[in-house]
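Q: Take a look at the letters that make up each chain.
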Amino acid sequence: ELKVEQNPLFLSMQEGKNYTIYCNYSTTSDRLYWYRQDPGKSLESLFVLLSNGAVKQEGRLMASLDTKARLSTLHITAAVHDLSATYFCAVDSGGYQKVTFGTGTKLQVIP
Amino acid sequence: EPEVTQTPSHQVTQMGQEVILRCVPISNHLYFYWYRQILGQKVEFLVSFYNNEISEKSEIFDDQFSVERPDGSNFTLKIRSTKLEDSAMYFCASTDRTSGSSYEQYFGPGTRLTVT
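Those protein sequence lines, which keep their order, are chains L and V. Throughout the first sequence, residue numbering follows the numbering used here, covering -16 to 94 in sequence. Throughout the second sequence, residue numbering follows the numbering used here, covering 112 to 227 in sequence.
Hints were generated in silico from the structure; no laboratory data involved. Every residue gets a Cβ at the ideal spot worked out from N, C-alpha and C, and that includes glycine. Some clues are possibly wrong.
[What the hints assert, rightly or not] Computed footprint of chain L on chain V; a stretch qualifies when at least three of its residues, placed anywhere within it, have a C-beta under 8 Å from a C-beta of chain L:
no., region
1, 123 to 136
2, 183 to 191
[What the hints assert, rightly or not] Derived pair list, reagent style DMTMM-like, types lysine to aspartate or glutamate, alpha-carbon separation capped at 25 Å:
no., chain 1, residue 1, chain 2, residue 2
3, L, K24, V, E215
4, V, K194, L, E27
5, L, K24, V, E196
6, L, K24, V, D174
7, L, K24, V, E112
8, L, K39, L, E(-12)
9, V, K168, L, D65
10, V, K168, L, D13
Start from the sequences, fold in the hints, and give me the full structure.
A: Here's what the structure looks like:
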């Protein structure tokens, strides 16, 4: 069974600082997604990573995928308060199959 | 931009009652999913549906749950006899999974189910 782990689970950081969220998964997959969720809201797609070495950037967020290490990272550069949310990685099992979500990282950016 | 829609946005029901959650997937998508998220927890897979049948289901998706595509646009999740622990946000998702697509699942806004 595919297991997806994120760390840290909770991250409190000051505005202007940099930090990285890690997503490890247990079985081979070439497709990984990052989502943002605000409290009580749905899942907003941030990044779609489809191959080993994929790197995507949008604003202050950058995501990468290393399929050999079964690791994805979400790097936050110069955090701002608006980035406060919960971030989930999700791994595609292939075929018809489900996407398995990580535990989530609750990010709090303090002004 | 096409999007997945869900109704109702919030459903309150008494324990033991039946509820039907409705979803309209993106029109050219062929694969449909239900997930749930208990407050403060991660998103959990319930069931996937393709070609008018269930393709995979989780341990959570027991005999109390069923899914149906009653017409060409709607995709429903029925919970026959709700329990307190069914209280959660339920998300519908769809994808096309055709060659050249990203296989990304597009999520609806969710239905918050509260069982009292």
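Q: A separate judgement is required for each hint: does it hold in the structure or not?
A: Going down the list of hints, with the structure as the test:
Under the rule that three or more residues need a Cβ within less than 8 Å of chain L, the assignment of the region 123 to 136 of chain V is violated, with 0 such residues. Beta-carbon proximity to chain L at under 8 Å applies to 0 residues in the region 183 to 191 of chain V; the threshold of 3 is not reached and the given coverage is violated. A C-alpha spacing of about 19 Å is found between K24 of chain L and E215 of chain V, which places the hinted pair at or below 25 Å, so the restraint holds. At most 25 Å may separate the alpha-carbon atoms for a hinted pair to count; K194 of chain V and E27 of chain L exceed this at roughly 29 Å.
Using a Cα cut-off of 25 Å, the hinted pair K24 of chain L and E196 of chain V holds, with the two alpha carbons roughly 20 Å apart. Restraint check for K24 of chain L and D174 of chain V: not satisfied, since their Cα atoms lie roughly 28 Å apart, outside the 25 Å limit. With a C-alpha separation of about 19 Å, the suggested pairing of K24 of chain L with E112 of chain V holds against the 25 Å cut-off. The hinted pair formed by K39 of chain L and E(-12) of chain L meets the criterion: a straight-line CA distance of about 21 Å does not exceed 25 Å.
A C-alpha spacing of about 36 Å is found between K168 of chain V and D65 of chain L, which places the hinted pair above 25 Å, so the restraint is violated. At most 25 Å may separate the alpha-carbon atoms for a hinted pair to count; K168 of chain V and D13 of chain L meet this at roughly 22 Å.
Checked against the numbered hints above, the structure breaks hints 1, 2, 4, 6, 9 and satisfies the rest.
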